[in-house]
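> Here are the chains, one letter per residue:
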Amino acid sequence: MKLDLNMIRADFPILSRKVNGQDLVYLDNAATSQTPTQVIDVIADYYQSYNANIHRGVHALSQEATDKFEQARQSIQNHFNIRKSHEVIFTSGTTHSINLVAFGFGTILDPGDEVIVSALEHHANIVPWQMMCERSGAILRVIPMTDDGTLDMHAYKELLNKKTKLVFVNHVSNALGTINPIKEIINNAHKVGAAVLVDGAQACGHIKPNLKNLDVDFYTVSAHKLCGPTGVGMLYGKEKWLNKLPPYQGGGEMIEEVTFEKTTYADLPHKFEAGTPNICGGIAFGAALDYMNAIGFEAIGSHEDELLQYANEQLTQIEGLRIYGDNKQKTAVISFNIDSIHPYDVGTLLDKMGIAVRTGHHCAQPIMDYYKIPGTIRASFAFYNTKDDVDIFVNGVQRAVAMLR
Amino acid sequence: MKLDLNMIRADFPILSRKVNGQDLVYLDNAATSQTPTQVIDVIADYYQSYNANIHRGVHALSQEATDKFEQARQSIQNHFNIRKSHEVIFTSGTTHSINLVAFGFGTILDPGDEVIVSALEHHANIVPWQMMCERSGAILRVIPMTDDGTLDMHAYKELLNKKTKLVFVNHVSNALGTINPIKEIINNAHKVGAAVLVDGAQACGHIKPNLKNLDVDFYTVSAHKLCGPTGVGMLYGKEKWLNKLPPYQGGGEMIEEVTFEKTTYADLPHKFEAGTPNICGGIAFGAALDYMNAIGFEAIGSHEDELLQYANEQLTQIEGLRIYGDNKQKTAVISFNIDSIHPYDVGTLLDKMGIAVRTGHHCAQPIMDYYKIPGTIRASFAFYNTKDDVDIFVNGVQRAVAMLR
Amino acid sequence: MTVEQVQDEIIDEFSLFNDWMQRYEYMIELGKSLPLIEKKHKTDDNIIKGCQSKVWVHADMVDEKVVFTADSDAVITKGIIAILIRAFSNQPPQDILDANTDFIDQIGLKEHLSPTRANGLVSMIKQLKLYALAYQTQLN
Amino acid sequence: MTVEQVQDEIIDEFSLFNDWMQRYEYMIELGKSLPLIEKKHKTDDNIIKGCQSKVWVHADMVDEKVVFTADSDAVITKGIIAILIRAFSNQPPQDILDANTDFIDQIGLKEHLSPTRANGLVSMIKQLKLYALAYQTQLN
Ligand SMILES: Cc1ncc(COP(=O)(O)O)c(C=O)c1O
Ligand SMILES: Cc1ncc(COP(=O)(O)O)c(C=O)c1O
Chain L
1 MKLDLNMIRA DFPILSRKVN GQDLVYLDNA ATSQTPTQVI DVIADYYQSY
51 NANIHRGVHA LSQEATDKFE QARQSIQNHF NIRKSHEVIF TSGTTHSINL
101 VAFGFGTILD PGDEVIVSAL EHHANIVPWQ MMCERSGAIL RVIPMTDDGT
151 LDMHAYKELL NKKTKLVFVN HVSNALGTIN PIKEIINNAH KVGAAVLVDG
201 AQACGHIKPN LKNLDVDFYT VSAHKLCGPT GVGMLYGKEK WLNKLPPYQG
251 GGEMIEEVTF EKTTYADLPH KFEAGTPNIC GGIAFGAALD YMNAIGFEAI
301 GSHEDELLQY ANEQLTQIEG LRIYGDNKQK TAVISFNIDS IHPYDVGTLL
351 DKMGIAVRTG HHCAQPIMDY YKIPGTIRAS FAFYNTKDDV DIFVNGVQRA
401 VAMLR
Chain X
1 MKLDLNMIRA DFPILSRKVN GQDLVYLDNA ATSQTPTQVI DVIADYYQSY
51 NANIHRGVHA LSQEATDKFE QARQSIQNHF NIRKSHEVIF TSGTTHSINL
101 VAFGFGTILD PGDEVIVSAL EHHANIVPWQ MMCERSGAIL RVIPMTDDGT
151 LDMHAYKELL NKKTKLVFVN HVSNALGTIN PIKEIINNAH KVGAAVLVDG
201 AQACGHIKPN LKNLDVDFYT VSAHKLCGPT GVGMLYGKEK WLNKLPPYQG
251 GGEMIEEVTF EKTTYADLPH KFEAGTPNIC GGIAFGAALD YMNAIGFEAI
301 GSHEDELLQY ANEQLTQIEG LRIYGDNKQK TAVISFNIDS IHPYDVGTLL
351 DKMGIAVRTG HHCAQPIMDY YKIPGTIRAS FAFYNTKDDV DIFVNGVQRA
401 VAMLR
Chain C
1 MTVEQVQDEI IDEFSLFNDW MQRYEYMIEL GKSLPLIEKK HKTDDNIIKG
51 CQSKVWVHAD MVDEKVVFTA DSDAVITKGI IAILIRAFSN QPPQDILDAN
101 TDFIDQIGLK EHLSPTRANG LVSMIKQLKL YALAYQTQLN
Chain U
1 MTVEQVQDEI IDEFSLFNDW MQRYEYMIEL GKSLPLIEKK HKTDDNIIKG
51 CQSKVWVHAD MVDEKVVFTA DSDAVITKGI IAILIRAFSN QPPQDILDAN
101 TDFIDQIGLK EHLSPTRANG LVSMIKQLKL YALAYQTQLN
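Residue numbers (the working numbering), protein chains in the order written: chain L, 1 to 405; chain X, 1 to 405; chain C, 1 to 140; chain U, 1 to 140.
To be clear, the hints were calculated from the coordinates, so they are not data collected in a lab.
Among these hints, one or two may not hold up.
To be verified - Within a straight-line C-alpha distance of at most 30 Å, the following computed BS3-like cross-link-like pairs (lysine-lysine) qualify: (1) L:Lys262 with X:Lys157; (2) L:Lys262 with C:Lys42; (3) C:Lys49 with L:Lys238; (4) X:Lys212 with X:Lys191; (5) C:Lys65 with X:Lys372; (6) L:Lys262 with X:Lys212.
Said to hold, decoys possible - From the structure, some residues in chain X lie toward chain U, with a derived Cβ separation under 8 Å: (7) Arg56; (8) Val58; (9) Asp67; (10) Ser75.
We put the beta carbon where it would ideally sit given N, CA and C, even for glycine.
Using the sequences and the hints given, assemble the complete structure.
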């Protein structure tokens, strides 16, 4: 199935705007994806028609909002193939999801227990665990990366042992686009009895993971990476784990009974959803998944692969250009530098030409340290990008290089 | 200044909808306020024109979004009269704000230190502190309430002593509407060297607090209580406190340098804003404050006072009706029961008449325990409510009582 | 009478009313004839979760039929559980398990059928069926 | 020349160009004539925060005038700091403190004037003025 790009692009009003007098070419999708009219309308409709605080309300608006919010939970459940709807926890995003799990593990790990992180992680999947290790005395081990931007799986297997309690790794690296072999990582971890958290922030806009088949213990997502709104995401956790972990935040909705002497906690998912959630955001998250599923993740994947290959071919013509993490298993992300030109210079000139890319360390300093660079220029594609976008981009890089050399 | 209610109501599309075939009368504003077109438009415009991940982005969209987000921070700063913009921390709402502070204090309090809560609190300002006390060994003391729904200030002063490290109290009680004497509470706490957190969730839609004059140490707000969107709020903290507290969540944006050995944290406010924030929500939060300020909090306050007095007069005509917390200092909230009629029955019948009130314990079980009731019927007014709303509501209560007696 | 026949009877009765007020008044009236739960069974264990008002339900097996008793502290909820019990009580457990609950919709209580509804009608149905399942298992 | 005269001179030079490419090329060119900071001053302490690229600045007082030197690892940033230093260097500290920076707008770099801009132009101006303030205090 070929995508009808004209139709798709018409869904995204922002794609027809101008930047610095030029047509916008948006290649910063790994930072945040754009939002189609179908989702924007759901947001506006929420506030225009049935905005109300959910759960416990006996009036019709509250009931409508609750139903829509819970329907969104089911859409998410179905999309990710999750066993039970109460294994879907609404959070404010991946960062919140990971911190929730890290906080919980901090209370159940013992000093000397080991946890394993990969060298390819976003800071969101490093710093909460460092903080957790400081609190619990657990030890942080690191799966090293190799030159082509993949994980050293041999070293990973060596790291696993009876003391290993948890492995956390992203599904897709935001800085390089590498798709990690998570099935293999999970299977190996389970052999030694360790749980696995997969950070799906960067995968969720491109890949439809089957969480039941993966048998993963935790999976995290941010809606703003899959055509949804900012400020909302999800944590999937296996029921047995969510029952084992203590609540993260205290507040309304997450309790059963409160007295000043003693408080008992509510059942899943409420135990982890203290306070008024991002109600509109949750509903729009569901709508974003519906939108993307209507297009189809297979079609999205093959279109993006095509863009990646095309961009790769063009870019590698440029003298002195080096792509980091140039391996076979990757999403449509190209992270590169040219000679000794500073990424910031290239990013700034591309911006003047209307081309949005990201420059810097992409919240993944350990990867930059590995390559001994201050940062890269990262172009990241979405299903609404076209070959024309690639042409304009490659041409822009050439112009920038000419100015900077 | 009288409010032009026709004009104001036209700003709120939801107010002209029907519920169960009747015109909606929305009196559940304490749970969440409604959102004017002006704010909905800002939200849609964000996604249509400049949605991008903020900070560190060199491209124009990212810059626009960053500028707007930081302008919203300044609007919030100005509105609440806050000294420095980096004392404004964006959170996902009051619950998150309070948990952030509670987590931090858990790491700096010693066993035996005392913290003081009031009997008039929402669970959001109780449970996080209970969890904190369990972790730190600090002791939770409670300011008792009196029959008219106010705090026993004499008892409060007795509770304060050199061991008291923190007092947390809401500005306005969500269950009763009581406005607490926070200036006096703050002054007394400061005399023994204790800090004060004021939960402003219920105040912020009705009162414009001057935080500099109050000299409060922490103040929390949810945007959805002041005509803003769900999923965003703020924590104000004095710089010296925010510097003293450890970061709550780890992730992107909140770090300066990350290696697997050591991570250093960024300056305020970023230290407490890990991950992609609710960017659109933050901008819409600012727009909601702008909207309310254009109407004016003085005019809002006097209109709501008028509604409260009028509703009080009408309601008290109903035989067997008891208002809880019927004191002088309150916002336009009426919490009541009629004889032994269950609040749920009244709420359900009012809903059939298109009238939205809340019934239950309002996430404030200790207040219900005090009055020995399972819950109340709560009608809570906003500036867009009218005397007609009050008439329909009182008439509805009368009809419900007739059916239920 | 079979479950279905009782349900049809209830639908007939409610069809006499043409506005919600009359229906609710009748429902409240029905609550007054609810077979009340014995005091000793009115324990926290027998409270149905998910209702804003309290609902206690108890079930006995008499002559291979399930007999329900209940109570609630709210009169509308009492009416709802009374209607459910009238439809399900004194029936063989398997019939209760097989029964559908479309009649709720037909007597104008559709809005209560959402699983998130705070009155817990859906939880009540689930609980009654759980009792039936337990007794059915006993019979097998 | 006064600060203002230098700024006018810069505005005149930039007014020759009518598209952004030429302006940026000229800015990059100006970066090449930046009075470079001595190696011993190129320390982490002298890095200006808030820039995506690194910018080092140092200031000396010579004959009651502030003399700036600087460097950057990115050529556009180097051009920006070069322009700022050309406008501010060799001036009495008080004049630097009093100087306004509207000329940035007039040479077509307005987009860099946002306080949140990742290139940190606003931070650079602040840092230069802080040096001036320090030397001015010394003079008083
Ligand atoms: C007094 C008070 N505190 C805290 C909260 C919790 O706010 P949120 O649910 O927006 O986090 C509320 C909201 O109901 C409240 O009224
Ligand atoms: C791999 C990865 N993990 C985590 C995050 C953090 O997500 P958020 O900022 O939405 O919390 C990101 C977003 O940049 C990411 O790409």
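> Going through the earlier hints one by one, which of them does the structure break, listed in rising order?
5, 6, 10
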